[in-house]
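Hints in hand, dock the two standalone chains.
Chain order of the listed sequences is G and L.
Note that our numbering numbers the first sequence so that position 540 is 1241, with each residue one more than the last.
Note that our numbering numbers the second sequence so that position 157 is 257, with each residue one more than the last.
These are calculated hints, taken from the structure and not from any lab test.
By construction, the Cβ of each residue, glycine as well, lies at the ideal position given by its N, Cα and C atoms.
Keep in mind that the hints are not guaranteed to be accurate.
To be verified - In silico lysine-lysine, PhoX-like type, Cα no more than 25 Å apart, as pairs:
no. : chain 1 : residue 1 : chain 2 : residue 2
1   : G       : K763      : G       : K837
2   : G       : K706      : L       : K257
3   : L       : K218      : L       : K183
4   : L       : K319      : L       : K105
5   : G       : K986      : L       : K319
6   : G       : K866      : G       : K837
7   : G       : K706      : L       : K218
8   : L       : K257      : G       : K986
9   : G       : K763      : G       : K924
10  : G       : K1292     : G       : K815
11  : G       : K1360     : G       : K1292
12  : L       : K183      : G       : K706
13  : G       : K818      : G       : K1376
14  : G       : K782      : G       : K916
15  : G       : K815      : G       : K782
What the hints assert, rightly or not - Stretch by stretch, here's where chain L covers chain G in the computed footprint (C-beta under 8 Å, at least three residues):
no. : region
16  : 915-921
17  : 932-940
Said to hold, decoys possible - Residues from chain L shown here face chain G by an in silico Cβ test under 7 Å; the list is partial:
no. : residue
18  : V111
19  : N112
20  : G149
21  : G160
22  : R181
23  : Y193
24  : D264
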Amino acid sequence: MRSLKMLIRTWRGGDLGLILWSLVLAVAVVTSVSLLAERIDRALTKESSSFLAADLVVRSSKEAPLSWLREAENKGVNTAKMMSFPSIVFYGDDLHLASIKAVQASYPLRGSLKRSKIAFTRDESLIESVAYGPSKGEVWVDSRLLPLLNVDLGDEIELGDASLKITYILVEEPDGSSYSFIGARVLMNYADIPASGVIQPGSRVTYRYLMAADKQDNLDSYKSWLEPQLDVHDRLITPDQAQASISDTLDKGRRFLLLAGSIGVVLAGIALALASHHFASGQTKQVALLKSWGISANRVRALYLQQSLWLGFIGSIFGLLVGFIFHYFLLMIVQEWLPISLPLAGARPWIIGFTTGLVCLAGFTLPALWHLPAQSPLAVLRHEVITQPLSAAVRLLLGVGAIAGLLLWYSNNFVVSVAILSGFAISSITSVLIGLILLRLGMQYGRHMGSIWRLALTNLWRRRSQSLIQMIGFSGAIALLMIMVVVRTSLIDQWRFQLAEDAPNHFLLNVAPYELESVRSLVEDNNLDTAGWYAMVRGRMIAINGEPISDAQKDSHESFRRELNLSWTSDLPEGNKVAQGEWWDGIDLNKFADSESPLAPVSIEDDLAGELGLIMGDRIIFSVGGLTFEAEMVGTRSLNWDNMTPNFYFLFPEGLLEKYPRTSMTSLYIPPDKKLLVNDILQNYPTVQVIELDKIIKKIRTIVSQVTRGLEVMTLLILGCGILVMFAAVSLSMSERLQESAILRTLGSSRRLILGIQLIEFTTLGAMAGILASMGAEFSVAMLQRFIFDLPFSLHLWLWYTGPVLGGILVGALGVGYSRKAVALPPLELLRRL
Amino acid sequence: MIEVKNIYKQVNTAEGVLRILEDINLSVARSETLAIVGPSGSGKSTLLGILAGLDVPSTGSVSLDGHEITAMDEEGRAIVRAKTVGFVFQSFYLLPGLTALENVALPLELNGDDDALKTAAHYLERVGLNSRTTHYPRQLSGGEQQRVAVARAFACKPIILFADEPTGNLDTGTGEIINNLLFDLNNEEGTTLVLVTHEMNLAERCDRTMVLQLGCQVKDSSNTDLVSS
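Isolated chain L, as found in the complex (with noise of 0.2 Å):
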């Protein structure tokens, strides 16, 4: 599902080259759920962007659902983006004029989907905001915006969802019923999922963890093995 071979990163700085990642190697296989954890500035959402197509590395390449994604300029990325990716974000990115409905509707719209609002409707139900609809973001708590978001993403049947720190900006009560809507819609719908995370807790509950320190790959391994060492 997605093939990640020696992945390097590197930025031109005023004080030099800065390495943001170094020989990344990885493989994710379908419905795998896969965690990115490590410190801050050690190249995870840098990793994550690489990964779904957002940037593109120095060198090395990237396979996504059989696209070599690192083999194409932006338009192509876009396309395979399009058919292959969802998102979740820490900070939402919902629109303010668009109610929460509108919302989920919107990138099923954008591709021409005439079913988009029904659809939308129904993945607002299944995270529990049918009663929510019309409500613009504003009227919405942080959590219920994240479910928003959490149905927008599922709503595009993504064969790939990829989450940059989902409930960074959430207390840890909401942000259990996120992980918890997260895996199953994950579960129902069979996607592959990457999250980028710093709890622990959430990083347990997936497949596999990744460790990133300064750039380089230090683990990689199934959560059972973590756990154990």
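Chain G on its own, in the form it takes in the complex (with noise of 0.2 Å):
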């Protein structure tokens, strides 16, 4: 308890705060990120969970054996069977292809179905919430079954051998979201299944098999026994996997707060770093003293490593503390646009903050505190014998080390920490060699100046060792700053231009050749646009390079086993990049129609063309209504699936398939006060289907708007660490500027002469340093944005003149400040204090 007891005896003294207060916002910047992100993380989880309408899901061709369910009742895991298939329904004459979903009654075990008595209602107060299906005997479908077949509610349709009645209008299914290019939706009771006799051996069905628990543990533990379980047929699938796009704007937000974290931690680091150097110069003479009074070197060196470890503990401890009020603090923000509970956080966010607190205290300030030990004890008698603190590089590495461990750490990714760390240390260097030229040059420069100008910048290059750590320690801070609001700003962006207000919201499909005319003009007479209209035809592939498509196949990809939409089209769709091969303009399209058997050219979306095996010159065999062509793929195209426009697998090239049956498909964006068009083209043309897309984009509107707000808030945070660094850059030297500035006022010199010399010497320091951040910051970003967040390369001309005019800014009125005290007392009391 000695050491305590010492460490609030320093404490006393003054020098501890900064080092303190800079371990306190690294431990709070990390903590209160972990916790946001992991309970937001959690929160969202469940709420992407609606979209499965369970945590985990099995797709697979075969019904779930009974020894899944006794395993899930044994681990306390929900579940619930569904099956899917289209079927003809009929009234009386008419009929309709439609899609059947048949639940049992704990369906969904997540989110929840809305249902209504009033068909193609918009109107919310009509609408219901359930969280269960429909009973036995009963059918909830799509309004537009209703003209489609002509009955009503109440009315008694057929399915099989089963007479169903239609209760409710089926308005939305939690898991309803994934596209259907069949028929209206009829939902029923899976009991009702046997008594209708429609499924039979070879029947195209789809099984769902839903699980979900209150204990994430007994769902891990579950999921780990089922995995062994499971066969070519069956496809787990997680919330993530449900939702492609929101699951990626959840992931950039993620990267976005960890990024956010970590340049916290960094600025920390570096305030960390520059606080204990300061902490250390004062110590020297203490230690002297000590060791004049017989205390051995080792001793020294435990007094102080156990400070510095009740020093971590009490900063990690009270770290942990602000950073849960700062993340409860940002909840109460962010709170209006969460509509979902939170559930709290688990240990690691906690074992972050405090693992950061004592990775930070070993990584800045056990360096810089290191060779005090060493400290002769002739310093009490002779002031010029200072033992020479590590050197600079083993303390840097040191840092560096600790830095990146952490951001390994946090990231588990490893060109995100080298990004951060080679942008860091690009910023170091280039400030040390530009550093200099810039001090040099401002020396010279002085020379031809006013006497405030000439003696303040030879002051700078005088002090130009700690003029350069001053610059660094700023540029740091200045860069890391504009790198947040830049990173963040493309983000926003870059989410408001995927959603943007007229994003596509609804799609129209099936629409037969004879249809297009008029469809079309329906839209256009409602000054609608379109993202284009494409048509397809629906083919089947039945061999590859001569070889028929094998059951081995076929149980491994579903596109083996169904329909494929293949279109066409002359150029390259908006939001397409070719991955491997050429486009059709890079390619001799006569070559292919010359041939001795015609080929078809086809470009494949990348990742399909990777899953199905296939390589460029392959030649696939496709059918299409028993007609059969061969096809070479010539190329590959990753796909934008964020911006909801059409997006096909298989393109080819415009004058091949149009002599096959075909149908055309568009999406655009229906504005509220349009929405009864979609009733409109319902009712005039019961073929065409039309997905509704308008309730998923607000979903993840609200989601991009949470993860938004955060970032702001975050911005602030790491405002806050900025301006920590500067503080620590300041003090560094501000002793000995209020030595010389006590010195000049007793030699006669004026107030206004020394507060124009510091408001000189800070400005011109902070003009430099930010120049010098802005290089950084554009270098940064750039490697951010390419390598981290996928986003395009652009040049940030503002930065330029920025980070000068904010360094200048920032750094002169922080020194100025600072040095009041050198003209507020008087000369005597200065230089007694110091």
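Printed below as a string of structure tokens:
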């Protein structure tokens, strides 16, 4: 406890404040980010679960075996079975190929179903949310089934041998957002399936086995048990996979929070290193004194180590507390954007926060104090006998090592860590080289200027080591702040662009050639823009390179089993990028037409080509309604799934597929006030399918706005870290500056002159640091945008003038504020205090 | 008490070898007071540092209270210093975060003395600062700060007290008070006192005075001889 007592006494001496605050801030930033990220992550995972109607789903071509259900019960996991298949439903003489979905009573396990008594209603007050499906003998149906079959609520429709009563209009299913190319939805009870007799051996049925548990451990344990039981027919689907677009948005948000946290730690680390260096300089005399009393070097080391550990412990605990309060504050701010209740975080954020404190201490404070025990006691008599600290290179290495370790731990991403560190390293090295040139130039030009300028600029050059350290600190802080702002702005811009107000929110599918013109006119008459009309034919792969598709291939991927949408276009669709090979303009299309047996060039989606094991030059035989043609894979494309425009896995040039039976599709934005157009289309063109994405987009927008708000608040937190770095850097040279100011005042210099010198020194230093920061920030942002956030590179001109101006103003104001003591106190009093 | 034989101290500089002390021989008895005087740069502080075991000579030997410290490493010298030596410095060296009482108690506490605060309070009273125990150094005048430093030095009950220009930062009146305190406490505690000073009136109060010039011992005599010479 003696070391704690000593720590408290040292604290009273006033030099520990900056170290403690840096430590507290490092821990607080990381803790608040981790707590926020984990809680929102858990909540959104839960939210995403509602897209699946479960926490986990197995999609299969066969029913889940009884053993799975028994084990689920044993492990406390709730389950529900579901099957979907196309089947004809009848009412009198009318019939429709409907999309049947049969669910057990426990469906949905997550989220809710929305139903109404009124067809085509958009009025929320007429829509009811329920957590169960239809009872036995009942069906809930899509509004559009009513005009298709000329039925009303209360009528009974026939499905196979069963008569099922329509009791509700099905407005929304939690897991109903996936595209379906078949008819109107009919939701029925699983128990009615046997009586209907529609499921026979060989029927095309997709089974879904839904799982959810209140305790994550139970689910994890069951998942571990289940995975080995799965075979090629089964596919395990997680909430993340269920909604790739939201998942991608969340992932970027998560990465940004992580980047923000990392930048916070780097900034706090810089502040900690500077403050520790300053503290250690002030401790050399004390150590000499202790050693003159006969305290051994080992004892001194132990004393400082124990004090440091206490400091680390107290700082970390305090940081955890501040982090918790801050995360709570963040949550309060974003609460109105959070429609979901947040689950509590686990232990991980606390462990991350606490460890950060100790690692920062070990990486930044201990190296600065390392040389103290070796301090000669002779320094009590001879002031010049000062033991040199660990070399700057070693301290830098230890600091960078600590940060690198933390970054890797937080991100689990080598590229992110390297990008941040390389930005930091390049900024530092450039700062030293260019900083020296700037200081030298400043000194030379200063000679030809007024006395204040000459004194100030000469001072900067005379103290060039300190000036460079400060410049690195300032430029690091300014650069990191600018990186934060740029990346945040780019991300938000990208999200806003993806989810622009007029982003397509409806898909029109299955438009027959004879309906195309009139549907097109209807859309145009309503002044709505489409993402373009795409024709498509339905075809099946039957052979690759002359070998028929084997059963093993069919088991390995559903694309080998089902009909695919094949489309054609002359231009590369927006959002598509050629991944391998060439687009049509890069190949000789005539070569294909002129070959002995005509070939069709085909461009395939890059991931799918990989999954199907297709390589460039492979020849695929497609069957379209019994007619076959051969195609050669000439390229692959990566697609942008976020922009809500039609995407096709298989694209052909124009003029090859037009002879086959085809339908058309498009996506378009339908504003809320024109929503009734959907009814017009459905009623006038019963075969046309409309996929309504407006609700999903609304959901994505909500999530994006939450994340955006969080990012803005995080930027403020990082600003706090940056200011702390500036304080630490300014305080580094302050005692020397105050001493010089006191001497100048005793020699008769005016307060104006002294403050003027400080103002010019700090403003110049800040502006120089700003120039360097702009360079470092532009480079780092380019790296981050290119490799991490997958954003296009762009030059940020505003950085180049904001950096120097911001640096000059901030550092100048801070320096002058700090220096006021130099003119506020009588010179003798000042000298005595120093 | 202090035995010094043939001490030389030289350092390597860019200009070549610089001799700071040359063939110093000295013997100081228990309770004796010795003043080391000489012009600036004569090697006074270097000699004090070597005598106190803060520094080592290039050659020669120093024995403190029977311990030959020149044959020891820094750890060994630290043990001897802890048992034997006390210091008063020109610039006080009080720790800013500690009150006057805590400053005096600190070396005792570090040596595991359970009664450190009681002892410290006693010595602060002895130097006339019993009303200033809770004051921080910045709240004390220069003279008061040096009195705290004197109390700190004597509180450890050193056998030998080394003082480096103890009144160098103080005005004459305050310096006189400190001098009186040093000699009074020295008498009371029976401490050997070795001090470096520029002030002849302070040197005259010592039993002996040693004069250094350019690192050489030009005179070592009792003060009666010095005064008469």
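Against the structure, the hints come out as follows:
1. G/K763 to G/K837: holds, 23 Å
2. G/K706 to L/K257: Holds: G/K706 and L/K257 sit about 24 Å apart, inside 25 Å.
3. L/K218 to L/K183: holds, 20 Å
4. L/K319 to L/K105: holds, 16 Å
5. G/K986 to L/K319: violated, 33 Å
6. G/K866 to G/K837: Judged against 25 Å, a Cα distance of about 10 Å means the pair holds.
7. G/K706 to L/K218: At roughly 17 Å apart (the allowed maximum being 25 Å), L/K218 and G/K706 satisfy the hint.
8. L/K257 to G/K986: Given that 25 Å is the threshold and the Cα spacing comes to 23 Å, the pair holds.
9. G/K763 to G/K924: Holds, because 19 Å separates the two Cα atoms, which is no more than 25 Å.
10. G/K1292 to G/K815: violated, 55 Å
11. G/K1360 to G/K1292: Holds - the C-alpha atoms of G/K1292 and G/K1360 are around 20 Å apart, at most 25 Å.
12. L/K183 to G/K706: holds, 24 Å
13. G/K818 to G/K1376: Holds: G/K818 and G/K1376 sit about 19 Å apart, inside 25 Å.
14. G/K782 to G/K916: The hint holds at about 20 Å.
15. G/K815 to G/K782: Holds, at roughly 19 Å.
16. 915-921: violated (count 0)
17. 932-940: violated (count 0)
18. V111: violated, 11 Å
19. N112: violated, 15 Å
20. G149: With a closest approach of 5 Å, the L/G149 hint holds.
21. G160: violated, 17 Å
22. R181: Holds. Min distance 4 Å.
23. Y193: L/Y193 check passes; min Cβ-Cβ to chain G is 5 Å, inside 7 Å.
24. D264: Cβ of L/D264 sits 6 Å from chain G, so the hint holds.
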